[in-house]
Amino acid sequence: MIEVKVRGVGIDPKTMSTVLLLSSGEKILPILIGVAEATAIASELEGNKSIRPQTHDLMIQIMEKLESKVEKVSITDVKDNTYYAIITVVQESAEGASEKLEIDARPSDAVALALKSGAPIYISDKLADELVLMEIETAGTLPKEPIAKDEVEAFKQFLDEASPEEWNRFLSR
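If you read the sequence shown in our numbering, its first letter stands for residue 96, the second for the next number, and so on.
Heads up, a few of these hints could be off.
Label pairs and their in silico Cβ distance ranges [unchecked claim]: (1) D220 x V114: 31 to 37 Å; (2) A192 x G142: 34 to 40 Å; (3) G120 x A189: 18 to 24 Å; (4) S119 x D199: 30 to 36 Å; (5) G191 x E256: 32 to 38 Å; (6) R147 x D175: 35 to 41 Å; (7) K195 x R147: 28 to 34 Å; (8) A189 x T110: 20 to 26 Å; (9) E98 x K174: 21 to 27 Å; (10) L196 x E248: 36 to 42 Å.
DSS-like cross-link-like pairs, simulated, lysine-lysine; straight-line CA separation at most 25 Å [as the list claims (entries may be wrong)]: (11) K211 x K100; (12) K109 x K195; (13) K144 x K195; (14) K221 x K100; (15) K122 x K160; (16) K174 x K221; (17) K167 x K221; (18) K211 x K122; (19) K160 x K221; (20) K195 x K167; (21) K195 x K221; (22) K144 x K160; (23) K164 x K100; (24) K174 x K109; (25) K100 x K144; (26) K211 x K195; (27) K164 x K144; (28) K195 x K160; (29) K122 x K221; (30) K167 x K144; (31) K167 x K211; (32) K164 x K122; (33) K100 x K122.
What the hints contain is simulated information worked out from the structure, not anything from laboratory work. All residues carry an ideal CB built from backbone N, CA and C; glycine is no exception.
Given the sequences, and given the hints that come with them, work out the whole structure.
Right, here's the structure in full:
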C-alpha cells in the first residue's frame with residue numbers, strides 16, 4: 096500500500112465532472128466523484144463546519160458512540176472505471192480488546208471520512224503497479240497546500256449557479 100494525500104477537488108473542464116485528486120509525490124490519481132461528495136471534501140479541506148452534522152459527520156459520531164474509529168482508508172481496485180475502497184474501522188471492546196472491521200465504500204465517502212477522522216489514505220500496490228498514478232504535465236507547479244479559499248468559493252459558486260443541463264449531466268452518471 097502507498098499512502099496518498101488529498102491534493103484537492105475540482106472540475107474536469109472537458110467533461111464538467113467533479114474530480115478528487117489524490118497525490119503521492121508529484122504524481123496524481125484522479126477519481127471522478129459526485130458533486131455532494133466533492134462539496135463535503137472541499138468543505139473539510141477548507142475547515143468549514145456546518146451548524147448541523149452532515150452525513151460524514153453523522154457517521155463519525157455513530158462510530159464514536161460505538162467506541163470505534165477509522166483506522167485507515169484503502170483504495171483497493173478499479174474495474175470498468177469504477178474505483179473501490181475499504182474503510183478499516185477499529186472497534187474497542189469493554190474488556191480492552193479490539194476488533195478490525197473492513198467496510199466496502201465508495202472512494203469519495205471513504206476519503207471524506209478519512210479527512211474528518213484524521214485517518215491515513217492508501218492506494219493498493221496493484222493500482223500503483225498498473226500506473227494509475229500518472230505524471231501530470233504541470234507536476235511541480237501544483238500547490239503543495241490545500242486548495243485556496245477563493246478557489247473553494249468559486250467551486251461552491253459554480254455548484255450554486257449550475258444550469259439544469261449541467262446538473263442533469265452530473266446526476267445522470
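Could you work out which earlier hints the structure fails to respect and list their numbers in ascending sequence? 1, 3, 4, 5, 8, 12, 13, 15, 19, 32
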